[in-house]
Amino acid sequence: MTQQKDHFSEMSAGDGVRAPYRKYQSWFAQQDVARLAKKAQEAEAFFRRTGITFNVYGQEDAEERLIPFDLVPRILSSSEWTKLSRGIEQRVRAINAFLHDVYNRQEILRAGVVPVGLVANNDAFLPQMMDFTPAGGVYTHIVGTDIVRTGEDDFYVLEDNARTPSGVSYMLENRETMLQMFPELFSQNRVQRVSDYPKNLRRSLEASAPAGCTGRPCVVVLTPGIHNSAYYEHSFLADQMGVELVEGHDLRVVDGHLAMRTTRGYKTIDVIYRRVDDDFLDPLTFNPSSMLGVPGIMDVYRAGNITITNAPGTGVADDKAIYSYVPDIVEFYTGEKAILKNVETYRCSEPDALKYVLDNLADLVVKEVHGSGGYGMLVGPAASKKELAAFADKLKAKPANYIAQPTLSLSTVPVMTDKGLAPRHVDLRPFALVSPNSIDIVPGGLTRVALTEGSLVVNSSQGGGTKDTWVLES
Amino acid sequence: MLGKNAGGLYWMFRYLERAGNTARLIEAGFRIALTRSTDPASEWKSVIVTSAAQASYEAKYNGYDSARVTDFLLRDPDNPNSVLSVIKVARDNARMVRTGLTTEVWAAVNETWMLLNRILKDPIPETDLPEVLAAIRQQSALVRGALHGTMLRNDIYDFCRLGTFIERMDCTARIIDVKYHALLPATSFVGSSMDNVQWEMVLRSVSAHASFRWAVEGGYNAPNIANFLILDNRLPRSLAYCSLQLVKNLEYLAHDYGERAPSLEMAEALETRLKNRDIASIFDEGLHEFLTSFIEKTTGLGLQIEQDYRFSA
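Order-wise, the sequence lines are chains A and B. Be aware that the first sequence starts at 702, since it is given in this note's numbering, and climbs by one per residue. Be aware that the second sequence starts at 151, since it is given in this note's numbering, and climbs by one per residue.
Calculated directly from the structure, the hints in this document are not laboratory data. Just so you know, not all the hints are guaranteed correct.
[To be verified] From the derived model, a few chain B residues whose C-beta atoms are all more than 10 Å from chain A:
1) Thr249
2) Ala257
3) His359
4) Val366
5) Pro373
6) Asp382
7) Ala430
8) Ser431
9) Gly436
10) Gln454
11) Arg460
[To be verified] What the simulated footprint calls covered on chain A by chain B, stretch by stretch (three residues with Cβ under 8 Å from a Cβ of chain B suffice, anywhere in the stretch; the number is not a length):
12) 942–953
13) 957–971
Glycine included, each C-beta is placed from N, C-alpha and C at the ideal position.
So here's chain A without its partners, still in its complex pose (with noise of 0.2 Å):
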């Protein structure tokens, strides 16, 4: 796609530097850019060696790869992020109501704020949900919102990402290499701290043990295995909590709880924070092939004596059909208009809506429905004629699987690039954690930059890379 002369730069304003870049630009100007071209190659060369690295699926050779760093910081001033942390506070807590909402009275539904079809007919929406409140009333204990800014006030929510959002291990990793290679950035500008998530990880997911837990909650992460995409991080959050990392084959269900084959015997776990899907948590009452889950997990649960976090079927809520009503759910459920701003969504299922979605296809972004990772999406404006062809007919075949958005004018952050710095377009992923008593979001989160110029699609598995993101004390 080619680049748009009116992107918002974050660290640029006409000829000067906005606020929060200033103390960073004087030091760059300061700086020797074969010395920073060398640090960048350490840094990648310390992920290689401690193994900081993610799969990509069907790529036999290249197994493992790194997520490409950038050594400049994406800056956030105080006053953006304490606008941004109540947003996403709000929608956190309505998402947790609507939940909890929909797999009880469903009042959201009777009142038709929401359509009934889209839950009923949601492969997320999990009937086993149904007249179950998890402890605490929590569903989504962790929560990744993808954010992205198009203008000096305006922020947008892309995704809600309510089911297992990754990338929180690279958030502390990046923070970590950049103190290590340029500590003095850090006594220049007074940065909030990141490196309380996983202490506050831990205690918030403790919070959550299931009522008749006494003593101090046992709790583990359960992972798919080391061939999971995630499985870095997965190990990484273990590591950092000081929890046991464990595979569906370490589990079983003894006397009604769920529990750990250890070197000595079965241990009882209260509290599992699982990297799994719905779909491959348990044999007995989803998919009958996984291997990857525990039979019986979902009797214990419903009985009250495991904490699944993030809840089963909370997939229902961030679903991009849904996504279109959030603001709808942040009014009905917490009487305030939605502070954070949705991107406005064509439903393709909507007859008109379609119908202009394939007239403007050129220009839109269109994602399946449940699809993630930007796999199966269009980029209207990168694509070629023939590619918007064969996308059209995917549309008409099955339009309700689709929603399609207007391709926002992302903002830019620079990177280091051969030539010096050059724009490059961002998103942001913060991470929210959410206990029965409080809702706690990191100061700052996971920028990611699509590293190709121009390029508006940031994810991993398709080339984009990482930036340390900061947010400065007020």
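Chain A is fixed; fit chain B onto it per the hints.
Coordinates of chain B only, in the frame set by chain A:
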């Protein structure tokens, strides 16, 4: 600790030990082949036999020579015990038990895997072989050093050590067994050049050709060499030393967990077989018979450890 993780640590160190042992065997074989004082093909064959790879090798190749044997043992993905294969499995295990390892140990294993993938990418010309073998040896020393220098002395460490010594004991017993005929005290062979080459091969395979000279008085003869490799607990690759270490590590676990496991009884029985024993009585029993039963018991001990500590469901 998770049973699976105990198993991961145990196997990670078994495989690392196996990689080092294979490199050492190739080194010994290469050395013998260079001296040309004996039939190189039969030496290379004994290297393959010792590596328990005869069936898979012969399924692929006809006849034994330096290039094919070294390639099969170092790089061949079809050989599950090639250095490249076992380093990958060791590293996969390390990734699985990542939370139990210090950064130093993990980085050492990961670096080893990256380095060996690079230097074993293409077939190794004979001229480069010494360098490649030295790198493998150095990398395993690096991992061992990181383990000794940085890991807590707890159950995690014990499982790493158990894997190391089970593998090493098995390997030493196999090396002696493949050459047992050369070690039999048949007077007609003693002192012949063929015998000397065989003995040297055995000693080199356990990195003991220099220490033998210093540690053992009475020179190269069958009883001395067999005694050194089987009963001398100063030699870190002898059966006596390995079995003593197994007993010790299982005792640490028993102490830690407050319970003596059946595997400890088995290890003690193995160690007792070697204690206060002289080599003559082993020769009387029959060296080959002794080794065959010892290898079986080692395998049994390994399986018992897996069961006692619930490596799998």
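Against the structure, the hints come out as follows:
1. With 10 Å as the threshold on Cβ separation, the claim that Thr249/B sits away from chain A is violated: the shortest Cβ distance comes to roughly 4 Å.
2. Chain A draws Ala257/B into its interface by the beta-carbon criterion, the shortest separation being 5 Å against a cut-off of 10 Å.
3. For His359/B, the condition that its CB be more than 10 Å from all CB atoms of chain A holds, with the nearest at approximately 35 Å.
4. Every beta carbon of chain A lies more than 10 Å from that of Val366/B, the smallest distance being close to 40 Å; the non-interface claim holds.
5. The beta carbon of Pro373/B sits about 42 Å from the closest Cβ of chain A, which is more than 10 Å, so the claim that it is off the interface holds.
6. Remark: the non-interface label on Asp382/B is consistent with the geometry, its nearest Cβ contact in chain A lying 33 Å away (cut-off 10 Å).
7. A cut-off of 10 Å between C-beta atoms confirms that Ala430/B is not in contact with chain A; the least separation is 42 Å.
8. No beta-carbon of chain A is positioned within 10 Å of the beta-carbon of Ser431/B; the least distance is around 38 Å.
9. At roughly 38 Å, the least C-beta separation between Gly436/B and chain A is larger than 10 Å, which holds for a residue marked as non-interface.
10. Against the 10 Å criterion, Gln454/B stays outside the reach of chain A, whose nearest CB is about 14 Å from its own CB.
11. Residue-level check failed: Arg460/B sits 5 Å from the nearest beta carbon of chain A, not beyond 10 Å.
12. Given as covered by chain B, the region 942–953 of chain A passes the check, having 7 residues with a CB less than 8 Å from a CB of that chain where 3 are the minimum.
13. With a threshold of 8 Å between beta carbons, the proposed coverage of the region 957–971 of chain A by chain B holds, since 6 of its residues qualify and at least three are required.
This entry does not satisfy hints 1, 2 and 11, going by the numbered hints stated previously.
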